[in-house]
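S.K.: Chain by chain, the residues run as shown.
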Amino acid sequence: MSTEKKIKGQTRNRHRRFDAYQLLFLCLVFCLIALLGTILCTIPENFPGLADTVASLQEQSGVESPVTAVLLNFRGYDTLLEVMVLLLAVIGVWSLTKAPVSNLKTDISPVQMGVVRLLTPVLCLVAAYLVWQGSHLAGGAFQGGAILGAAGVLLLVSELDWLRAVPAFVLRIGLILGPLVFVGTALCCLFFTGELLAYPKGTAGWLILLIETVCALSIGLTLALLFGGGRPEDDVPD
Amino acid sequence: MITTLLYSLTGLILFGMGFFTLIIHSHPLRKILAVNVMGTGVFLILVATAYIPLGQGEIDPVPHAMVLTGIVVSVSVTALALILACRVQETSNITLLKGTKQSEDIKETGA
Chain R
1 MSTEKKIKGQ TRNRHRRFDA YQLLFLCLVF CLIALLGTIL CTIPENFPGL
51 ADTVASLQEQ SGVESPVTAV LLNFRGYDTL LEVMVLLLAV IGVWSLTKAP
101 VSNLKTDISP VQMGVVRLLT PVLCLVAAYL VWQGSHLAGG AFQGGAILGA
151 AGVLLLVSEL DWLRAVPAFV LRIGLILGPL VFVGTALCCL FFTGELLAYP
201 KGTAGWLILL IETVCALSIG LTLALLFGGG RPEDDVPD
Chain E
1 MITTLLYSLT GLILFGMGFF TLIIHSHPLR KILAVNVMGT GVFLILVATA
51 YIPLGQGEID PVPHAMVLTG IVVSVSVTAL ALILACRVQE TSNITLLKGT
101 KQSEDIKETG A
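Protein chains in written order, with my numbering: chain R, 1 to 238; chain E, 1 to 111.
Worth flagging that the hints you see were computed from the coordinates, not collected in a lab.
Hints may be right or wrong, so weigh each one.
Said to hold, decoys possible - Partial list, computed: chain R residues near chain E (C-beta under 7 Å):
#1 V54
#2 P66
#3 L87
#4 A89
#5 I91
As the list claims (entries may be wrong) - Simulated restraints, written as ranges between beta carbons of each label pair:
#6 E:L6 <-> R:V122: 33 to 39 Å
#7 R:Y21 <-> E:M17: 15 to 21 Å
#8 E:T95 <-> R:W206: 50 to 56 Å
#9 R:D161 <-> E:L97: 27 to 33 Å
#10 E:T10 <-> R:L26: 15 to 21 Å
#11 R:A128 <-> E:Y7: 50 to 56 Å
#12 R:G194 <-> E:M1: 33 to 39 Å
#13 E:M1 <-> R:T97: 48 to 54 Å
#14 E:T10 <-> R:G194: 21 to 27 Å
#15 E:M1 <-> R:W162: 38 to 44 Å
#16 R:C188 <-> E:T10: 21 to 27 Å
All of these numbers come straight from a predicted model, not from anything done at the bench.
Built from N, CA and C at the ideal position, the CB exists for glycine as well.
Turn these sequences into a full structure, and let the hints steer you where they fit.
M.R.: Rendered as structure tokens:
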């Protein structure tokens with residue numbers, strides 16, 4: 001008993017005490033925070049930022065919400081790359097492991113089934129509404145995608161039988177759909193207007209809605225599959 | 001102004017705490033959590049910088065758009081990092097959560 005206490009005391013001591021290098025690093029981090037804090041404090045009050053620039057170009061963007069205009073029109077290139085990052089994350093996860101399969105054969109409790117049946121359609125509806133709302137209020141592909149991802153996670157934790165029957169091929173199509181439509185639109189814009197993601201006049205609103213819808217689907221599927229933690233069983237063997 | 005500063009400095013402190021843990025601790029889970037805390041700090045700073053009191057002009061949508069995509073990207077990066085950490089556990093003798101030493105570690109920090 002006493003030796004156990006002694007060992008515990010030793011580990012505690014080891015954790016409490018920092019060695020010289022750690023203290024030095026702590027000082028460096030404090031310096032960094034002080035430096036960045038001074039910079040933050042010296043940002044002038046009522047700094048205009050880019051709000052006025054965005055507001056002046058709002059008419060041309062095809063949507064009423066400034067955040068959506070920035071995301072898919074003014075900085076569309078950025079968003080395109082971010083969608084690609086999501087795709088890369090899934091490719092990475094799928095190439096590393098297979099999805100773990102639980103061997104529990106117990107039935108799903110009726111309460112959980114009820115929750116799944118009630119919540120999944122509501123979540124899908126909310127996601128669709130958020131994507132639609134993105135053109136004039138807060139909302140858009142990423143918010144809708146996050147809600148869809150939540151619906152996917154709900155289905156995954158319920159371990160429904162038909163989820164395992166979904167072929168990997170369908171999942172791959174779903175994953176690639178958003179990035180593919182986005183890149184396709186970008187290339188079409190390049191062909192017709194000479195600039196990447198410079199939408200032709202009058203079509204911006206519809207193109208943005210199209211991109212947002214397919215991207216929301218892909219983002220939702222991406223998040224759910226990341227939660228799944230690996231490639232499906234029937235995928236290409238090692 | 002004081003609200004913006006308060007949120008920005010909180011974000012900065014979160015960033016510093018995360019950075020310190022990222023460098024000092026060798027445990028993979030702690031590193032992943034530290035990166036998440038750092039990211040949260042950056043998001044807080046960005047949103048606080050874009051904050052304008054109600055009715056005093058338009059918000060700056062650029063930082064909002066950056067944070068919006070950043071959150072989703074950070075979630076996916078965390079997922080990839082966790083899977084990588086699991087692979088490290090499988091292929092080496094590092095234990096992530098099992099075993100007495102690691103649980104001792106967690107108790108220590110929890111106390």
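S.K.: Compare the structure with each hint and give your call.
M.R.: Now the hints, each set against the structure:
{"no.": "1", "hint": "V54", "verdict": "5 Å, holds"}
{"no.": "2", "hint": "P66", "verdict": "4 Å, holds"}
{"no.": "3", "hint": "L87", "verdict": "9 Å, violated"}
{"no.": "4", "hint": "A89", "verdict": "4 Å, holds"}
{"no.": "5", "hint": "I91", "verdict": "10 Å, violated"}
{"no.": "6", "hint": "E:L6 <-> R:V122: 33 to 39 Å", "verdict": "37 Å, holds"}
{"no.": "7", "hint": "R:Y21 <-> E:M17: 15 to 21 Å", "verdict": "18 Å, holds"}
{"no.": "8", "hint": "E:T95 <-> R:W206: 50 to 56 Å", "verdict": "54 Å, holds"}
{"no.": "9", "hint": "R:D161 <-> E:L97: 27 to 33 Å", "verdict": "30 Å, holds"}
{"no.": "10", "hint": "E:T10 <-> R:L26: 15 to 21 Å", "verdict": "19 Å, holds"}
{"no.": "11", "hint": "R:A128 <-> E:Y7: 50 to 56 Å", "verdict": "33 Å, violated"}
{"no.": "12", "hint": "R:G194 <-> E:M1: 33 to 39 Å", "verdict": "44 Å, violated"}
{"no.": "13", "hint": "E:M1 <-> R:T97: 48 to 54 Å", "verdict": "49 Å, holds"}
{"no.": "14", "hint": "E:T10 <-> R:G194: 21 to 27 Å", "verdict": "46 Å, violated"}
{"no.": "15", "hint": "E:M1 <-> R:W162: 38 to 44 Å", "verdict": "56 Å, violated"}
{"no.": "16", "hint": "R:C188 <-> E:T10: 21 to 27 Å", "verdict": "45 Å, violated"}
The structure shown violates the earlier hints numbered 3, 5, 11, 12, 14, 15 and 16.
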